[in-house]
Amino acid sequence: MQTDSDRGGWIFNRARESNPSLARPSLALRQRRGQSRPRVISLLLAVIFCCGAAWDVPAALADTSSSSTLPGGGLSPAAGRTGTLNSKRVPALLRGVGIDQRLNQQVPLDLVFRDASGKPVRLGDYFGSKPVILSLIYFNCPNLCTMEENDLLQSLRLLKFDVGKQFDVVTLSFNPHDTPEMAANKRAIYLGLYGRKGAENGWHFLTGDEASIRALTDAVGFHYRYDPNTQLYAHAVGIIILTPQGRISRYFYGLQYPAGDLRLALVQASNDKIGSPVDQLILYCCQYDPATGKYDWIVHRVLMLGAGVTILCLGILILVMVRGGRSHPQASV
Amino acid sequence: MGTVTTTTLQQPQAEEYRVHYLNAKYGIKSWLLTTDHKRIAWLYLVSTTFFFVIGGVAAAMMRLNLVSPQGAIVQPETYNKLFTIHGTIMIFFFLAPAVPTVLGNFLIPMMIGARDVAFPRLNLLSWYIFITAGMIFIYSVIAGGVDTGWTFYTPLSTSYVNTHVISAAMAVFISGFSSILTGLNFVVTIHKMRAPGLTWFRLPLFIWSMYAASLIFILAMPVIAITMVLVMLERLFHVGIFDPALGGDPILFQHLFWFFGHPEVYILVLPAMGVISELIAAFSRRRVFGYGFVGFSSFAIAVLSFLVWGHHMFVSGQSVYAGIFFSAMSMAVAIPSAVKVFNWTATLYKGSVSYEAPMLYALGFIGLFTIGGLTGVFLASLGLDVFLHDTYFVIAHFHFIMVGGAVMGYMGGLHYWWPKMTGKLYPDYWARLAACIIFIGFVLTFGPQFILGFEGLPRRYAMYPPNFQFLNIMSSAGASILAVGYIMPLFYLVWSLKYGPEAGPNPWGAKGLEWETASPPPVHNFDKTPVVTEEAYAYGAHPAPVTTAAS
Numbered sequence: 000m001q002t003d004s005d006r007g008g009w010i011f012n013r014a015r016e017s018n019p020s021l022a023r024p025s026l027a028l029r030q031r032r033g034q035s036r037p038r039v040i041s042l043l044l045a046v047i048f049c050c051g052a053a054w055d056v057p058a059a060l061a062d063t064s065s066s067s068t069l070p071g072g073g074l075s076p077a078a079g080r081t082g083t084l085n086s087k088r089v090p091a092l093l094r095g096v097g098i099d100q101r102l103n104q105q106v107p108l109d110l111v112f113r114d115a116s117g118k119p120v121r122l123g124d125y126f127g128s129k130p131v132i133l134s135l136i137y138f139n140c141p142n143l144c145t146m147e148e149n150d151l152l153q154s155l156r157l158l159k160f161d162v163g164k165q166f167d168v169v170t171l172s173f174n175p176h177d178t179p180e181m182a183a184n185k186r187a188i189y190l191g192l193y194g195r196k197g198a199e200n201g202w203h204f205l206t207g208d209e210a211s212i213r214a215l216t217d218a219v220g221f222h223y224r225y226d227p228n229t230q231l232y233a234h235a236v237g238i239i240i241l242t243p244q245g246r247i248s249r250y251f252y253g254l255q256y257p258a259g260d261l262r263l264a265l266v267q268a269s270n271d272k273i274g275s276p277v278d279q280l281i282l283y284c285c286q287y288d289p290a291t292g293k294y295d296w297i298v299h300r301v302l303m304l305g306a307g308v309t310i311l312c313l314g315i316l317i318l319v320m321v322r323g324g325r326s327h328p329q330a331s332v
Numbered sequence: 000m001g002t003v004t005t006t007t008l009q010q011p012q013a014e015e016y017r018v019h020y021l022n023a024k025y026g027i028k029s030w031l032l033t034t035d036h037k038r039i040a041w042l043y044l045v046s047t048t049f050f051f052v053i054g055g056v057a058a059a060m061m062r063l064n065l066v067s068p069q070g071a072i073v074q075p076e077t078y079n080k081l082f083t084i085h086g087t088i089m090i091f092f093f094l095a096p097a098v099p100t101v102l103g104n105f106l107i108p109m110m111i112g113a114r115d116v117a118f119p120r121l122n123l124l125s126w127y128i129f130i131t132a133g134m135i136f137i138y139s140v141i142a143g144g145v146d147t148g149w150t151f152y153t154p155l156s157t158s159y160v161n162t163h164v165i166s167a168a169m170a171v172f173i174s175g176f177s178s179i180l181t182g183l184n185f186v187v188t189i190h191k192m193r194a195p196g197l198t199w200f201r202l203p204l205f206i207w208s209m210y211a212a213s214l215i216f217i218l219a220m221p222v223i224a225i226t227m228v229l230v231m232l233e234r235l236f237h238v239g240i241f242d243p244a245l246g247g248d249p250i251l252f253q254h255l256f257w258f259f260g261h262p263e264v265y266i267l268v269l270p271a272m273g274v275i276s277e278l279i280a281a282f283s284r285r286r287v288f289g290y291g292f293v294g295f296s297s298f299a300i301a302v303l304s305f306l307v308w309g310h311h312m313f314v315s316g317q318s319v320y321a322g323i324f325f326s327a328m329s330m331a332v333a334i335p336s337a338v339k340v341f342n343w344t345a346t347l348y349k350g351s352v353s354y355e356a357p358m359l360y361a362l363g364f365i366g367l368f369t370i371g372g373l374t375g376v377f378l379a380s381l382g383l384d385v386f387l388h389d390t391y392f393v394i395a396h397f398h399f400i401m402v403g404g405a406v407m408g409y410m411g412g413l414h415y416w417w418p419k420m421t422g423k424l425y426p427d428y429w430a431r432l433a434a435c436i437i438f439i440g441f442v443l444t445f446g447p448q449f450i451l452g453f454e455g456l457p458r459r460y461a462m463y464p465p466n467f468q469f470l471n472i473m474s475s476a477g478a479s480i481l482a483v484g485y486i487m488p489l490f491y492l493v494w495s496l497k498y499g500p501e502a503g504p505n506p507w508g509a510k511g512l513e514w515e516t517a518s519p520p521p522v523h524n525f526d527k528t529p530v531v532t533e534e535a536y537a538y539g540a541h542p543a544p545v546t547t548a549a550s
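Heads up: the protein sequence lines correspond to chains A and B, in order.
So for the first sequence, numbering that gives the first Met the number 0 puts the first residue at 0; every next one is plus one.
So for the second sequence, numbering that gives the first Met the number 0 puts the first residue at 0; every next one is plus one.
Bound-form chain A, shown alone (with noise of 0.2 Å):
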């Protein structure tokens, strides 16, 4: 009935359970309650103004929910589902900041940044032949980028494809201040802790100028903004899955990717070229739901057709049945 909007409020509570596998039985179910939300609601932003200030959002923005189990962060973005702030009631420093699905379009790959080295590179020179992860992030962020880099480090590690071969990683800050020094510093720790080979070739840590940024945020609709006060930036938070080719394929919101999630969408993103035969068989079983940022079953579908093919061949039965009569030899009364 209510799956897939349950979906949602269930990832994020998930999320902020410290250990869930000492949930017992009764105990998760308690948990579970009151989650009871639209669908609208399950498209997680989880948008968080970096400053660490807690805008309690839910209570003013999700106004088709009536029960809130996100506090401080989730919001349901009901209008137009553009993903991006917009509405009279959102602060003016969060107006326009979020992320807009912009699917299937191309990313301009002339744009030039610089390398961890500070060496000038093309975007296009990490693409052609494998699907792109790209993270947006900036390097002296206080909180969430690093949250959201040290979640995707998770997800790599937890990975079958290894960074470099099946897929490479584009982390991208979009603070035009970063240098490639602390691109460098970023990239030590981080390839230390993925800790796989080949991954140095793979793994790349950009700075740029401002306009190949914003020419960059823009295309994939990536959408931030700057506090002059507090010197830092609002922003959004999720990775983008980019096509060999420079195209958007997938968008995963808020932190957490879940792995197998992400092999898919690799997958997929390959266009197939990357990945086993069971892929293939789920990704057929499988539909991406672009409101989620993730790849649902259709087993509510199948399900459904398989009770009516069943309902179906009973009815027949019974209906050639009892039109049949009975097969006892009819004796004479």
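Hints in this document: simulated from the structure, not taken from any laboratory.
Here the structure is a predicted model, which is why all the values come from computation and not from measurement.
Check the hints yourself; a few may be wrong.
Here are the computed distance ranges between Cβ atoms for each label pair [as the list claims (entries may be wrong)]:
| no. | chain 1 | residue 1 | chain 2 | residue 2 | range |
| --- | --- | --- | --- | --- | --- |
| 1 | B | P426 | A | A306 | 47 to 57 Å |
| 2 | A | G197 | B | F386 | 52 to 62 Å |
| 3 | B | K28 | A | G314 | 32 to 42 Å |
Stretch-level coverage of chain A by chain B, calculated; a stretch enters the list once three of its residues show a Cβ under 8 Å from a Cβ in chain B [as the list claims (entries may be wrong)]:
| no. | segment |
| --- | --- |
| 4 | 146-154 |
| 5 | 301-307 |
Reference excerpt, derived from the structure (chain A facing chain B, CB under 10 Å, subset only) [unchecked claim]:
| no. | residue |
| --- | --- |
| 6 | P107 |
| 7 | V111 |
| 8 | Q255 |
| 9 | A258 |
| 10 | D260 |
| 11 | L263 |
| 12 | G323 |
Even for Gly, the Cβ is constructed at its ideal location relative to N, Cα and C.
We have chain A already, so just place chain B on it with the hints.
Same frame as chain A, but now just chain B:
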């Protein structure tokens, strides 16, 4: 029970030797390869009794553990395994098959005047599938157990527990096919194999409710089977279906599980209701009051059973509107259920009621099922369920339905048709005593659990605050009485096989085709195809059997 068959086989009646289904063939192969529905019923009787004992032992250990607030005998992990074993075995390997496969298998062809079911070999195959499933589950118990609860809730079952979920899920998956095939077999049998003259409205009500239950079998069992496959897929290959960390949806599992799970409850109780209709009619010597209403209420229950699953999920995050719908539908189930109960009691009115052991079970059923049904209405109301959800109140409620209802019906039916199945009479005094002990033990076990639940004791915990101890001890004491009540029939029924007096074809003076043939019945049930010329339960109007033989 293994000795049951051999004892019977070694004791062909010396005087007036008669060939019947029990002594027609000898040897273990004649049983394991039989296609005779009556012998297959015995196979099921022995195997379900075996599973009942295992499930019962698990329950006994749980009750023993709950004597002390700290848990008297087992660790919490073991306790989790115990309630999983108890639930899974009782639901899938005892309650679901008990009445349909033992009594249904034996009686459906007998009641409709047929030689066998429509697909005798398929019938045997069902038993083998069932046994395979049962053995796989026994394996998972021996290998270390499962601790997810019989509900296999995800993502607990797919991602977090380290116990033998795969084999247990496989067992449930396989057992589903046994039930599907049995259901299909019964539907076709009832449609195609009825004796001449036996129209739908002359059928015994047991057949009606078996037909309704068979439809549920066919429609609900595939869902649990596919759900278990999905659980296995996610657990083995990390395909994200139910676990949100893999991109799945745990609520989806609950929808699927309960879409099967609630109809399952009616699979258990509908055949038992059919048994009760037979018993009430036979022991009050009256036609069941409102025959048509009782018959159609079975179908009403079957249809409604597929529209109420959401009442298990009032607190799982379904929308308020879905909750209201499911609440209303769940309450609506009370209507056909009450139709049955009122019609049974109306049947008693001005009947010549006698209180043999089967009738005691039937009366016990009516009382306990009524309590179970009414507390079900409590739980169907949205607000109250939030308070009572996952407490002992729920436990007490569904045990009143499943044990107080289904098991009482099964025991009553077993006692009623035992003389037909074996040709022997059991000691009525002991049987009545056992029925009373079971009733008292049952009420004492599960009555206190209503209070425990209402006071807030959650289910599935190995420990509890000390202030709940008195009621818990009361419940455990009741469980020991209940155990005595269940063990007694095991003795006197087995005893009756060897020492019981001959029953004769119709010891109860009951109506119905099955009573018009010898006990135990001949291999082909009827020497001549019966022809039916009167309604079911034609007590009183025609003192002598009217059914005549025709060639």
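Now the hints, each set against the structure:
Taking the beta carbon of each, P426 (chain B) and A306 (chain A) are about 49 Å apart, inside 47 to 57 Å as hinted. Remark: the range hint 52 to 62 Å for G197 (chain A) to F386 (chain B) is upheld by a beta-carbon distance near 58 Å. One distance hint, 32 to 42 Å for the beta-carbon pair K28 (chain B) and G314 (chain A), holds here, with the actual separation near 40 Å. Against chain B, the segment 146-154 of chain A contributes 0 residues with a C-beta closer than 8 Å to a partner C-beta. That does not satisfy the three-residue criterion, and the hint is violated.
Evaluation of the coverage hint for the segment 301-307 of chain A: fulfilled, as 3 residues show C-beta separations to chain B shorter than 8 Å, against a requirement of three. Because the beta carbon of P107 (chain A) sits about 31 Å from the nearest beta carbon in chain B, more than 10 Å, this interface hint is broken. Checking V111 (chain A) against chain B by beta carbon gives a least distance of about 36 Å; that is not within 10 Å, so the hint is violated. Using the Cβ-Cβ criterion of 10 Å, the hint placing Q255 (chain A) at the interface with chain B is satisfied: the shortest such distance is roughly 8 Å.
Annotation: interface hint on A258 (chain A) holds; nearest CB of chain B at approximately 8 Å, less than 10 Å. Interface hint at D260 (chain A): satisfied, since its Cβ lies 4 Å from the closest Cβ of chain B, which is below the 10 Å cut-off. Against a cut-off of 10 Å between C-beta atoms, the interface hint on L263 (chain A) holds, since the closest Cβ of chain B lies about 8 Å away. For G323 (chain A), the interface hint holds, since its Cβ comes within 10 Å of a Cβ in chain B; the closest pair sits about 8 Å apart.
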